[in-house]
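2 protein chains.
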Amino acid sequence: MGNEVSKAAPEPTLRRLPSYYRFLTELAHEGRALVSCTHIAHEFGLDPTQVRKDLAVTGITGKPKVGYEVPSLIEAIKQFLGWDNVTEAFLVGAGSLGTALLGYEGFKEHGLNIIAAFDVDEGKVGQKLHGKQVLPLSKLSNLAQRMHIHLGIITTPAAAAQQVADLMVDGGIKAIWNFAPASLKVPSSVIVENQQLASSLAVLSSKLADAVRREEQK
Amino acid sequence: MGNEVSKAAPEPTLRRLPSYYRFLTELAHEGRALVSCTHIAHEFGLDPTQVRKDLAVTGITGKPKVGYEVPSLIEAIKQFLGWDNVTEAFLVGAGSLGTALLGYEGFKEHGLNIIAAFDVDEGKVGQKLHGKQVLPLSKLSNLAQRMHIHLGIITTPAAAAQQVADLMVDGGIKAIWNFAPASLKVPSSVIVENQQLASSLAVLSSKLADAVRREEQK
DNA sequence: ATCTTCTCGATAGATATTTCTCGATTGGTG
DNA sequence: CACCAATCGAGAAATATCTATCGAGAAGAT
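Chains as they are written, first to last, in my numbering: chain A, 2 to 219; chain B, 2 to 219.
Hints listed in this document are in silico derivations from the structure and should not be mistaken for laboratory results. Incorrect hints may have been included.
To be verified - Covered stretches of chain A, as calculated for chain B (at least 3 residues, CB under 8 Å):
#1 15 to 23
#2 196 to 207
What the hints assert, rightly or not - Where chain B lies over chain A, by a calculated footprint (3+ residues, C-beta under 8 Å):
#3 75 to 87
#4 98 to 106
#5 110 to 118
#6 173 to 183
Cβ coordinates follow ideal geometry from the N, Cα and C atoms, glycine included.
Generate the whole structure from the sequences, applying the supplied hints.
See the structure below:
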């Protein structure tokens with residue numbers, strides 16, 4: 002039917018781009034103007050062709066023998082990931098993880114601005130955490146709607162996560178970044194990205210267990 | 002040459018197993034004795050065959066028409082991921098993220114026990130965070146060696162991460178769970194699992210940007 | 001000026017992962 | 001008991017992702 006505006010990039014590529022981005026900003030600080038795929042690939046232990054393909058999704062193009070212009074690449078990635086204009090977000094769950102996220106300066110660099118936190122705990126409501134107001138959860142939907150907030154971050158215990166997600170959906174939130182170990186049920190129009198610590202840990206545990214096993218066999 | 006003892010499972014499978022595990026423990030609490038792949042798949046929006054293959058890596062087998070025994074599955078996943086016996090870990094970087102991890106009760110369930118934290122900040126050293134001692138970074142290598150700690154967790158700022166990784170390697174640590182936005186250089190024998198917030202955010206940002214773009218087109 | 005080397009971009013090939021298809025097994029139903 | 005529906009397990013097919021190959025262009029060396 003309609004003509005594809007921009008086909009989605011493979012998810013593995015999306016996951017690698019931020020690392021390139023960080024590395025490129027470091028290079029820029031060091032004053033480097035050009036960089037080759039080979040160089041980037043070496044930094045991350047990847048195949049140069051892989052890196053070339055990843056960068057290609059941003060539309061940027063390099064020159065043989067010299068490579069890519071660092072500043073152009075940085076801009077291209079930024080724009081591709083939508084980090085060039087700020088997304089405002091609400092965070093729910095002002096526990097230790099929530100507080101850590103509220104205080105993380107790096108998000109600015111990624112176009113993310115958490116503008117307020119919400120919690121059910123009366124003791125936390127009214128406080129300021131890292132300069133951000135903690136509001137009562139009951140106000141979430143209403144405020145999200147009025148302020149046109151599109152992104153919600155859930156850092157509550159698992160038991161509360163679904164209820165919070167429901168409130169977010171009511172408030173018109175379009176995407177949820179979920180740190181709670183729970184699988185959220187939301188309408189299909191709502192995007193959910195789960196940040197599961199346990200998944201990462203599983204990969205590590207499994208590799209470590211393998212390594213130990215191999216060690217013992219020797 | 003040698004006969005493969007247990008071929009490694011695909012990484013995507015490893016990443017899904019913890020979710021199944023959590024869901025299964027919930028089912029167990031509700032008193033369910035049996036579960037089918039179809040049921041699990043539906044919970045996570047996956048293909049039933051996918052789930053079946055994932056579960057197959059643990060060696061467990063189900064019965065037609067009835068499905069799998071919930072308790073056996075739980076045990077099998079636990080064992081497969083190495084969550085059945087405790088791994089002791091050191092954490093470096095007693096900032097807000099580090100503190101959050103120190104206080105996370107869920108790790109017990111995953112066979113992870115963070116036994117101490119380290120920091121360079123004199124103000125933090127000597128404190129107890131969630132019942133865990135904060136020690137000076139200078140003691141890391143020595144203690145890791147003496148206590149045979151195999152897992153290190155890095156929650157420092159990016160600038161300090163490489164230096165900490167080096168100390169961990171010196172201390173004989175075999176696996177590093179890295180939360181700092183930095184790519185660590187370690188000997189190939191050392192396992193590194195990067196928990197990059199930015200990667201997850203990139204996937205989300207990109208999907209959200211797409212959704213907004215599609216919205217605007219309508 | 002020509003050669004060499006590095007690197008890009010495109011295409012093809014290889015590998016990994018997901019999805020589909022099929023026959024077999026089990027439990028329930030008429 | 002014969003049939004039906006649900007489910008498993010195994011293998012085939014489809015898709016996605018990664019790696020290798022090749023020709024061409026650009027910079028520097030001889």
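Tested hints:
1. Counting residues of the region 15 to 23 of chain A whose C-beta lies closer than 8 Å to any C-beta of chain B gives 8; at least three are required, and the coverage claim holds.
2. Judged by the Cβ-Cβ criterion of 8 Å, the region 196 to 207 of chain A is covered by chain B as claimed, because 12 of its residues qualify and three suffice.
3. Remark: the region 75 to 87 of chain A is confirmed as covered by chain B, as 4 of its residues place a Cβ nearer than 8 Å to a Cβ of that chain, reaching the required three.
4. Only residues whose C-beta sits within less than 8 Å of a C-beta in chain B count toward coverage, and the region 98 to 106 of chain A has 5 of them, enough to reach three; the restraint holds.
5. Closer than 8 Å: that is the beta-carbon criterion, and the region 110 to 118 of chain A has 3 residues meeting it against chain B, so the requirement of 3 holds.
6. Check on the region 173 to 183 of chain A: 5 of its residues sit with their Cβ under 8 Å from a Cβ of chain B, so the three-residue criterion for coverage holds.
The structure shown violates none of the earlier numbered hints.
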